[in-house]
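S.K.: Here the sequence shown is numbered in my numbering, starting from 1 and rising by one per residue.
Derived from the structure by calculation, the hints contain no laboratory data. If you're wondering where the values come from, they're calculated on a predicted model, not measured in any experiment. We treat Cβ as the ideally placed atom computed from N, Cα and C, and that holds for glycine. Among the clues, some could well be false.
Estimated spans, in silico, between C-beta atoms of each pair [what the hints assert, rightly or not]: (1) K363 with S214: 42 to 48 angstroms; (2) L120 with I394: 30 to 36 angstroms; (3) D357 with N203: 42 to 48 angstroms; (4) E267 with N217: 21 to 27 angstroms; (5) N182 with I356: 43 to 49 angstroms; (6) V77 with N113: 17 to 23 angstroms; (7) P189 with S285: 26 to 32 angstroms; (8) L120 with K49: 21 to 27 angstroms; (9) D365 with V77: 30 to 36 angstroms; (10) N250 with K309: 40 to 46 angstroms.
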Amino acid sequence: MLEKILKVSSAFILILALALGFLFLTKNQEIDILKGNCKIKVVYKGIDKGVALDFDEEGNLYLAKEKGIEAIYSNGVVKELIKDDSFKISSMRYLKNKIYYIDRNYFKVLDLNNMETEVLMNNLPTYGQLNETKILASSDNIYISIGTVTNSGVAENLEEKGMVYDLSPKPLTLSGINFGENITGPFLPYGSGGIKGQIINSNFPGNGVVIKYSLKNKKSNLFSWGIKNIKSWDTNSKGEIYSIIEGMDNIGVRAIEGDNDYLYKLEENKWYGWPDYSGGEPITSEKFLVNGERGEFILDNHPTTEIPKAFYNHNNLGSLEALVIDKMNELNKVEKIYFYDKKDKKLSTLTYDCLIDDIITFKDDEDIKDIRIFKNKLYLLSNKKNIIFSVEII
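I would like the entire structure built from these sequences, with the hints used as guidance.
M.R.: Written out as structure tokens, the structure reads:
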């Protein structure tokens with residue numbers, strides 16, 4: 001009799017534990033389905049400072065954290081591949097049994113065949129409080145985006161980092177406008193004023209750029225420039241690059257008001273206008289009025305006046321974070337761009353006709369750092385809950 005009671009009690013406790021576990025998971029995930037029918041599943045948890053995730057052809061998952069990279073194999077085994085307390089990894093992608101990643105100012109590759117690491121570039125200007133560096137793997141090339149040090153081209157007093165300023169990959173001509181109490185010109189160290197007609201010398205690779213690195217000849221060249229910060233990017237089925245580009249903010253000695261985030265189709269040999277244009281619009285336009293006054297150009301003799309327009313203008317600034325393209329039509333019959341909006345707390349899709357559809361609304365900002373697609377599912381890295389979870393659209 002006692003044994004039967006114990007069995008019943010154990011079964012009840014197990015059922016209660018499962019129920020509480022389900023409630024705990026539901027409560028802490030706070031995932032509301034806005035449209036469609038989606039299955040949500042946590043696939044990995046306990047992540048400390050996650051940066052990026054990617055899959056190989058066999059379904060093994062690679063997770064980059066600030067201090068290292070680990071493999072989560074399809075059989076459930078987890079293995080630490082590299083780790084170092086000196087690391088500061090900012091981006092990672094898998095390609096052809098190799099893992100490419102950015103660590104501080106280094107572009108590195110980890111060969112999974114022999115577990116050897118090689119430094120491919122060691123001169124990336126990744127310093128600064130606003131700078132973000134991302135990589136994109138495509139066929140025989142790796143694309144590296146290096147963000148800007150400043151918001152709008154003029155260095156601020158960053159205390160011990162006071163000499164940090166933007167470098168240009170190509171020569172620029174200053175208009176002679178300076179800013180702040182400690183007179184500072186664009187693309188110059190804090191406290192250094194510029195004069196009209198002054199030439200800013202080129203300094204490859206520079207800031208606000210996309211670098212194309214050839215895996216065949218191990219050489220790098222400038223792909224495009226004049227880009228503030230690429231938050232996330234991917235290639236589509238045609239090999240075209242689409243990216244989230246952050247607009248300029250209403251802060252600092254050269255505050256820009258009225259800007260927003262953009263989705264851009266990036267093309268080779270194009271200047272995208274930063275810091276005198278944003279989204280294809282000049283800073284002198286009505287869009288960017290500050291206290292009723294128009295902004296001024298800080299550069300003379302712009303590289304071009306034919307600035308590419310954005311593919312999509314978002315309705316907010318500092319909002320778009322992670323992006324992936326369903327290039328194999330695994331999630332839908334129509335190829336779409338999937339992106340995360342941290343202010344609206346939504347995972348949405350965008351067609352090439354700029355039609356938006358919201359898939360999931362989260363209760364809180366999940367701080368989604370990366371999104372990938374594998375076998376008909378989306379995989380999202382959440383730094384809010386330190387997990388990777390999958391989304392299956394039914």
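S.K.: Confirm or reject each hint.
M.R.: Now for the hints, and whether the structure bears them out:
1. K363 with S214: 42 to 48 angstroms: holds, 45 angstroms
2. L120 with I394: 30 to 36 angstroms: violated, 42 angstroms
3. D357 with N203: 42 to 48 angstroms: holds, 43 angstroms
4. E267 with N217: 21 to 27 angstroms: Given range 21 to 27 angstroms: holds, Cβ gap about 22 angstroms.
5. N182 with I356: 43 to 49 angstroms: Holds, at about 44 angstroms.
6. V77 with N113: 17 to 23 angstroms: 18 angstroms Cβ-Cβ, so the 17 to 23 angstroms window holds.
7. P189 with S285: 26 to 32 angstroms: Distance hint for P189, S285 holds at roughly 30 angstroms.
8. L120 with K49: 21 to 27 angstroms: holds, 24 angstroms
9. D365 with V77: 30 to 36 angstroms: For D365 and V77 the Cβ distance comes to about 32 angstroms; the hint holds.
10. N250 with K309: 40 to 46 angstroms: Given about 22 angstroms between the Cβ atoms, the range is violated.
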